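There are 2 protein chains.
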Amino acid sequence: MSKPQLSVVKIGGNVIDNESALQAFLVDFAALEGFKILVHGGGKIATKIAESLDITAIFHEGRRITDRPMLDVAVMTYAGLINKDITAKLQALQNNAMGFTGADGNLILSEKRKNAAVDFGFVGDVVAVNADLIQVLLLQNVVPVFSAITHDGKGQLFNTNADTIASTIAVACSNYFNVNLLYCFEKKGVLMDSENEESVIKNLTFEAYRELCEQKVIHSGMLPKLENCFDALHKGVSQIGIGSPEMLKKDNSIFTLVTA
Amino acid sequence: MSKPQLSVVKIGGNVIDNESALQAFLVDFAALEGFKILVHGGGKIATKIAESLDITAIFHEGRRITDRPMLDVAVMTYAGLINKDITAKLQALQNNAMGFTGADGNLILSEKRKNAAVDFGFVGDVVAVNADLIQVLLLQNVVPVFSAITHDGKGQLFNTNADTIASTIAVACSNYFNVNLLYCFEKKGVLMDSENEESVIKNLTFEAYRELCEQKVIHSGMLPKLENCFDALHKGVSQIGIGSPEMLKKDNSIFTLVTA
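So the protein lines, in turn, are chains Y and B.
Once you know that position 171 of the first sequence is 171 in the UniProt record's numbering, the rest is easy, because the numbers rise by one and skip nothing.
Once you know that position 158 of the second sequence is 158 in the UniProt record's numbering, the rest is easy, because the numbers rise by one and skip nothing.
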């Protein structure tokens with residue numbers, strides 16, 4: 001028997017920070033057929049609120065350190081303000097959304113980041129996803145909406161990378177579903193020429209990816225993102241789309257389809 | 001066939017504001033046998049955060065008006081910070097807690113308060129509880145943890161009275177469960193003499209309540225609380241306990257048991 005379809009969609013701060021862009025995205029997401037899960041990142045609201053609360057962001061070589069006050073702000077804004085706003089808006093669009101952190105239902109267990117040269121503070125890497133409970137929820141027509149907060153099972157919450165949450169959920173759910181993982185970001189897809197927004201690579205297989213890496217067409221920020229994609233495909237995800245939020249529209253064919 | 005037991009426990013700010021009191025309460029709550037639901041109020045954290053964000057609390061005759069900035073603070077602290085902290089802590093106590101607002105899974109639908117002499121702003125009164133979905137979650141051994149935020153189904157979140165949330169959930173679930181509703185507050189129970197903390201009325205029936213009202217033994221703040229209790233009992237709740245958080249301890253018999 002073939003598995004049912006599941007779409008796991010990740011949106012980042014560029015969508016969340018823009019009220020009309022968020023609403024337009026949610027209308028498209030709500031219209032998606034089949035089982036679906038939304039994973040959202042943070043956006044600038046957390047930084048703004050931290051500033052208002054006189055909490056200073058600490059960085060090490062450009063990477064944010066999550067100390068306790070900053071974790072509290074992340075929990076307040078990601079799991080509180082943003083997650084519940086999205087949930088209420090999806091309810092208004094007749095999607096039975098339910099907002100989660102990894103602590104809720106022990107859905108995403110993580111552990112404090114290890115082996116890093118620097119202590120990033122309350123940052124967790126995913127250890128396990130409770131796909132059984134996610135499946136139960138999906139079969140109740142619930143649309144899970146995940147913020148990028150996880151827990152260690154010992155009472156501690158962690159800030160976690162939203163891309164990783166999306167891919168680990170996608171992998172864990174691939175036991176039960178044919179999973180289509182969609183990364184929405186600020187570009188229309190993986191570009192052949194980073195200066196040309198229209199140079200979207202429409203199909204990217206692992207073989208093509210290797211070649212483009214050798215030719216230095218794919219480099220810097222796109223490298224870890226695509227490595228994660230091929231890892232997820234290797235672990236059972238059916239296909240991955242990378243593109244703008246417009247990717248969810250039925251008539252849109254301009255995005256990068258990543259397949260094994 | 002007899003219905004299974006369900007405990008609906010409400011805690012207020014006095015427990016939430018005190019870290020060790022909260023932990024002690026959660027240990028007792030986690031040890032409760034049978035199906036259970038936790039409803040929590042706000043506490044002083046919201047006021048503190050609002051002050052830090054330079055948001056001025058607006059009051060009308062001693063009652064708080066929830067304007068938009070204050071609603072955002074309520075969502076951040078109640079549904080974010082407090083709810084996820086409690087959820088993570090219950091996970092550490094081997095309870096599969098899942099934190100909710102009313103928007104999540106459309107669990108509690110409300111409408112903006114009507115017919116009030118004053119516009120209280122984003123304050124909602126409960127219209128419906130999705131007891132079917134709550135039952136599904138309970139049967140998965142999920143322990144729902146509700147913050148006092150609801151939604152109108154049209155995308156708007158509302159601040160809602162936590163006592164009312166507890167009683168409406170209790171009533172809605174009484175179709176499926178024998179519901180024991182427990183209100184934890186700062187006293188040991190309903191007192192015969194408000195000056196004497198030990199004068200707890202151990203059993204309170206509607207008949208006894210009527211008499212005590214006539215004798216002016218029960219008055220002021222306790223009146224609406226008890227009216228709500230008898231209303232909930234009338235609508236199907238089996239019994240109601242009113243007392244300190246210690247009420248949850250197995251060997252504690254000092255609290256007020258309210259029955260029809």
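Hints listed in this document are in silico derivations from the structure and should not be mistaken for laboratory results.
Treat the hints with care, as some may be off.
[As the list claims (entries may be wrong)] Cβ-Cβ distance ranges computed for the label pairs, FRET-style: (1) B:214 to Y:128: 58 to 66 angstroms; (2) Y:128 to B:254: 38 to 46 angstroms; (3) B:44 to Y:51: 18 to 26 angstroms; (4) B:57 to Y:139: 37 to 45 angstroms; (5) Y:48 to B:253: 49 to 57 angstroms; (6) Y:118 to B:21: 50 to 58 angstroms; (7) Y:260 to B:21: 25 to 33 angstroms; (8) Y:118 to B:52: 25 to 33 angstroms; (9) B:215 to Y:51: 36 to 44 angstroms; (10) B:234 to Y:225: 55 to 63 angstroms.
[What the hints assert, rightly or not] Derived lysine to any residue pairs resembling SDA-like cross-links, with alpha carbons at most 20 angstroms apart: (11) Y:154 to B:68; (12) Y:48 to B:51; (13) Y:154 to B:92; (14) B:187 to B:224; (15) B:154 to B:125; (16) B:154 to B:20; (17) Y:44 to B:224; (18) B:154 to Y:24; (19) B:48 to Y:56.
Note that the structure is a prediction, hence the values are computed from the model and not measured.
Note that CB positions come from ideal geometry on N, CA and C, so glycine has one too.
For each hint, the structure was consulted:
Look at residue 214 of chain B against residue 128 of chain Y: about 60 angstroms separates their beta carbons, and that is inside 58 to 66 angstroms. A hinted range of 38 to 46 angstroms for the beta carbons of residue 128 of chain Y and residue 254 of chain B is consistent with their spacing of about 43 angstroms. Take residue 44 of chain B and residue 51 of chain Y: their Cβ atoms lie about 23 angstroms apart, and the range 18 to 26 angstroms holds. Between residue 57 of chain B and residue 139 of chain Y, the C-beta spacing of about 44 angstroms keeps the proposed range 37 to 45 angstroms intact.
Under the hint 49 to 57 angstroms, the C-beta atoms of residue 48 of chain Y and residue 253 of chain B, about 51 angstroms apart, fit the expected range. The hinted window of 50 to 58 angstroms between residue 118 of chain Y and residue 21 of chain B is violated, with their beta carbons roughly 36 angstroms apart. Our hint of 25 to 33 angstroms for residue 260 of chain Y and residue 21 of chain B is violated, since their Cβ atoms are close to 54 angstroms apart. The supplied range of 25 to 33 angstroms is met by residue 118 of chain Y and residue 52 of chain B, whose beta-carbon atoms lie about 29 angstroms from each other.
Our hint of 36 to 44 angstroms for residue 215 of chain B and residue 51 of chain Y is violated, since their Cβ atoms are close to 57 angstroms apart. The hinted range of 55 to 63 angstroms is satisfied by residue 234 of chain B and residue 225 of chain Y, whose Cβ atoms lie roughly 59 angstroms apart. At roughly 35 angstroms between alpha-carbon atoms, residue 154 of chain Y and residue 68 of chain B are farther apart than 20 angstroms, so this suggested pair is violated. As the CA atoms of residue 48 of chain Y and residue 51 of chain B are separated by approximately 16 angstroms, the hinted pair is consistent with the 20 angstroms bound.
Under the criterion of a C-alpha separation no larger than 20 angstroms, the hint pairing residue 154 of chain Y with residue 92 of chain B is consistent with the structure, at around 4 angstroms. Of the supplied pair hints, the one linking residue 187 of chain B and residue 224 of chain B holds, its CA atoms being roughly 16 angstroms apart against a limit of 20 angstroms. In summary, the hint linking residue 154 of chain B to residue 125 of chain B is supported, as the alpha carbons are separated by about 15 angstroms, within the 20 angstroms threshold. Distance check on the hinted pair: residue 154 of chain B and residue 20 of chain B sit about 39 angstroms apart at the alpha-carbon level, beyond 20 angstroms; violated.
Restraint check: the Cα-Cα separation between residue 44 of chain Y and residue 224 of chain B comes to about 43 angstroms, which exceeds 20 angstroms; the hinted pair is violated. For the hint pairing residue 154 of chain B with residue 24 of chain Y, the CA-to-CA distance comes to about 16 angstroms; that is within 20 angstroms, so the pair holds. Proposed proximity of residue 48 of chain B and residue 56 of chain Y is supported: the alpha carbons are some 18 angstroms apart, at most 20 angstroms.
Consistency with the previously given hints fails for numbers 6, 7, 9, 11, 16 and 17, ordered from lowest to highest.
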